[in-house]
Amino acid sequence: MIDHPLVQLTLARMREFYREPEAIFWVFGFPLVLAFALGIAFRNRGPGELKVGVLRAPGDSAIASALDRAPGLAAAVLDSSEARVELRTGRIALLVVPGTPLVYRYDSTRTESRLARLEADAALQRARGRADAAPVRDERITEPGARYIDFLIPGLLGMNLMGSGLWGIGFSVVQARTKKLLKRLMATPMRRGHYLLSFILSRLLFLFLEIAALVGFGWLMFGVGVRGSYVALALITVLGALSFAGLGMLVASRARTIEAVSGLMNLVMLPMWILSGTFFSYARFPDAMQPFVKALPLTALNDALRAVMIDGTGLMRLGAPLAIVAGWGAVSFVIALQIFRWR
Amino acid sequence: MAAIRCTSLVKRYVDVVAVAGLDLRVEAGECFGLLGPNGAGKTTTIEILEGLTVPDAGEVAVLGMRWGGGAGDRALRERLGIQLQDTQLADKLTVEETVRLFRSFYRQSHTVDEVLGLVELGEKRTAWVGKLSGGQKQRLAVACALVSRPELLFLDEPTTGLDPQSRRQLWEVIGRFRATGGTVLLTTHYMEEAERLCDHVAIMDHGKVIALGTPRELIASLGAQHVVEFALADGVGRGPTPEELAALPGVQAVRPGADRTALTVAAVHRAVPALLGLLERRGAELSLLATHNATLEDVFVSLTGRQLRDD
Numbered sequence: 000m001i002d003h004p005l006v007q008l009t010l011a012r013m014r015e016f017y018r019e020p021e022a023i024f025w026v027f028g029f030p031l032v033l034a035f036a037l038g039i040a041f042r043n044r045g046p047g048e049l050k051v052g053v054l055r056a057p058g059d060s061a062i063a064s065a066l067d068r069a070p071g072l073a074a075a076v077l078d079s080s081e082a083r084v085e086l087r088t089g090r091i092a093l094l095v096v097p098g099t100p101l102v103y104r105y106d107s108t109r110t111e112s113r114l115a116r117l118e119a120d121a122a123l124q125r126a127r128g129r130a131d132a133a134p135v136r137d138e139r140i141t142e143p144g145a146r147y148i149d150f151l152i153p154g155l156l157g158m159n160l161m162g163s164g165l166w167g168i169g170f171s172v173v174q175a176r177t178k179k180l181l182k183r184l185m186a187t188p189m190r191r192g193h194y195l196l197s198f199i200l201s202r203l204l205f206l207f208l209e210i211a212a213l214v215g216f217g218w219l220m221f222g223v224g225v226r227g228s229y230v231a232l233a234l235i236t237v238l239g240a241l242s243f244a245g246l247g248m249l250v251a252s253r254a255r256t257i258e259a260v261s262g263l264m265n266l267v268m269l270p271m272w273i274l275s276g277t278f279f280s281y282a283r284f285p286d287a288m289q290p291f292v293k294a295l296p297l298t299a300l301n302d303a304l305r306a307v308m309i310d311g312t313g314l315m316r317l318g319a320p321l322a323i324v325a326g327w328g329a330v331s332f333v334i335a336l337q338i339f340r341w342r
Numbered sequence: 000m001a002a003i004r005c006t007s008l009v010k011r012y013v014d015v016v017a018v019a020g021l022d023l024r025v026e027a028g029e030c031f032g033l034l035g036p037n038g039a040g041k042t043t044t045i046e047i048l049e050g051l052t053v054p055d056a057g058e059v060a061v062l063g064m065r066w067g068g069g070a071g072d073r074a075l076r077e078r079l080g081i082q083l084q085d086t087q088l089a090d091k092l093t094v095e096e097t098v099r100l101f102r103s104f105y106r107q108s109h110t111v112d113e114v115l116g117l118v119e120l121g122e123k124r125t126a127w128v129g130k131l132s133g134g135q136k137q138r139l140a141v142a143c144a145l146v147s148r149p150e151l152l153f154l155d156e157p158t159t160g161l162d163p164q165s166r167r168q169l170w171e172v173i174g175r176f177r178a179t180g181g182t183v184l185l186t187t188h189y190m191e192e193a194e195r196l197c198d199h200v201a202i203m204d205h206g207k208v209i210a211l212g213t214p215r216e217l218i219a220s221l222g223a224q225h226v227v228e229f230a231l232a233d234g235v236g237r238g239p240t241p242e243e244l245a246a247l248p249g250v251q252a253v254r255p256g257a258d259r260t261a262l263t264v265a266a267v268h269r270a271v272p273a274l275l276g277l278l279e280r281r282g283a284e285l286s287l288l289a290t291h292n293a294t295l296e297d298v299f300v301s302l303t304g305r306q307l308r309d310d
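Chains as they are written, first to last, in numbering that gives the first Met the number 0: chain A, 0 to 342; chain B, 0 to 310.
Watch out, some of these pointers could steer you wrong.
[Unchecked claim] Listed below are several chain B residues computed to face chain A (Cβ distance under 10 Å; list not exhaustive):
1) 46
2) 72
3) 75
4) 79
5) 83
6) 87
7) 91
8) 92
9) 99
10) 144
11) 147
12) 148
13) 170
14) 303
15) 304
[Unchecked claim] Here are the simulated lysine-lysine pairs, BS3-like style, with alpha carbons at most 25 Å apart:
16) B/123 / B/91
17) B/91 / A/179
18) A/50 / B/91
By construction, these hints were calculated from the structure, which means they are not laboratory data. We put the beta carbon where it would ideally sit given N, CA and C, even for glycine.
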């Protein structure tokens with residue numbers, strides 16, 4: 000069993016991979032670093048506390064204490080020169096000038112400032128005796144899966160499946176070709192199918208580690224959960240990995256040098272990094288581009304991953320994107336087999 | 000039965016005819032050498048015989064079978080051991096893992112221990128291929144060829160670039176394989192290697208066999224067993240003409256060269272005194288005088304007028 004050529008070829012693939020520290024970093028480390036950095040940078044802070052300045056003038060302390068009592072507002076008494084700078088640089092959202100009438104000075108194009116004006120006005124009017132005309136009650140909810148990190152993790156998963164499929168297969172195949180190792184293998188009774196299959200098998204074995212690393216990281220670090228079933232998630236990632244393995248095979252099928260295959264891989268991957276909704280929604284692209292963008296394998300894969308992870312959609316309702324992913328893989332693989340340069 | 004038979008083999012590339020009508024016959028159990036300078040067509044020939052290159056014309060039979068694709072080819076490959084000239088095995092696999100991988104492709108094979116013993120790499124079995132010396136890498140390449148217990152072993156320039164000790168180690172490996180009855184076809188541009196290892200050699204030049212025989216026969220075809228080489232100091236006296244040299248006692252042939260003249264002689268003890276006498280009468284002064292037993296190198300030079308190696 001262990002001496003079956005398919006087992007030995009797959010073992011060789013895996014050993015070559017895990018003995019290459021750079022490869023480990025790009026497949027496992029890099030997506031985690033990206034997730035961490037982007038998760039921190041775009042974390043949802045909510046509006047937080049709004050800072051409001053009060054110009055030093057008679058009556059300033061009464062106004063400041065009234066503002067401070069309102070939840071979500073923080074007041075500071077400022078001299079006029081100080082106040083001007085703080086307002087311009089956005090450190091305070093609003094400046095209240097005591098007097099009659101009270102003056103609110105703020106930049107009306109800034110959402111924060113308009114919010115501060117409403118909150119401050121309500122607090123000050125209430126302090127001077129205005130009563131609410133109708134009783135109200137707040138009900139606060141937070142929708143799970145609405146944060147940027149919830150959007151990002153499935154996208155990174157898709158991007159990683161693409162990257163490791165293309166680089167993992169494309170590089171090894173072309174390296175074996177340039178080193179004449181492919182030719183040497185052709186001089187043995189090895190079956191060609193076993194050789195190609197070994198790449199796919201080793202991809203699938205590493206796949207589960209990749210997914211576990213990224214999904215586990217998202218969960219531990221940012222509490223990103225999987226709403227749908229883990230089985231559905233696993234099946235989608237397997238399909239995605241197979242599809243990009245096919246694409247990697249196609250990209251590597253003819254290239255004779257590492258430079259050539261690197262160029263081809265970037266040509267394939269770069270448009271999808273940008274267009275396929277990994278970092279931001281592809282809905283931002285014009286309508287005319289949408290059919291093209293949706294036909295890309297990474298777009299379809301990202302859509303399917305998000306549907307399962309964020310919305311908890313079942314596999315049955317993901318036929319369309321999964322068909323696109325499978326189609327790309329099957330067509331690439333068939334063409335690759337036809338045109339593969341075996342020496 | 001012949002292990003290899005090929006007739007009228009032709010292979011053209013875009014701008015060059017690599018093999019131009021080649022006939023070979025290698026008997027089972029012998030070691031056959033293809034000799035020639037770089038670009039003579041040795042590698043193209045051996046790769047056609049290995050079924051890796053398809054000839055434009057000609058017939059090839061290896062172990063009584065023909066290359067034609069499919070299951071027949073796989074059955075034939077089971078019986079061959081092949082080492083290619085410029086294969087780089089995976090650097091990050093160990094010696095043992097590499098042998099085990101190649102072993103898995105064959106129905107019958109040596110154990111890893113056996114084959115590492117054959118090439119004396121047992122101590123390196125856990126070393127990464129990338130850490131091996133040139134000679135060790137080459138022995139590993141031969142181990143991957145031997146692992147299938149082949150009947151016929153192809154070696155394409157197995158010792159090129161190796162130091163003398165590594166070369167001798169590899170010769171011993173080939174000797175052990177032959178002792179078990181195996182047939183070897185090897186290419187080389189080291190004459191010493193061919194004389195030492197081969198029962199028959201074919202000297203190739205420009206895609207053709209220009210001489211064929213046992214090393215002894217080929218050297219004997221020079222008509223003499225020794226070569227005397229000399230060169231003269233510049234500007235002193237007058238050098239003898241080739242005709243005068245040919246007339247010296249015991250001299251069979253004269254080959255003037257760029258920096259030295261070579262004489263093929265039957266008896267050194269008669270030719271050398273006669274040469275010295277002639278030079279002294281001319282007032283010429285020697286800057287070099289050397290003699291050696293005739294080699295295949297001399298055969299090649301006398302056939303083509305060129306040196307076998309560029310270096």
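Original post:
Among all the numbered hints in the text so far, which are the ones the structure does not match?
Top reply: 12, 13, 14, 15, 18
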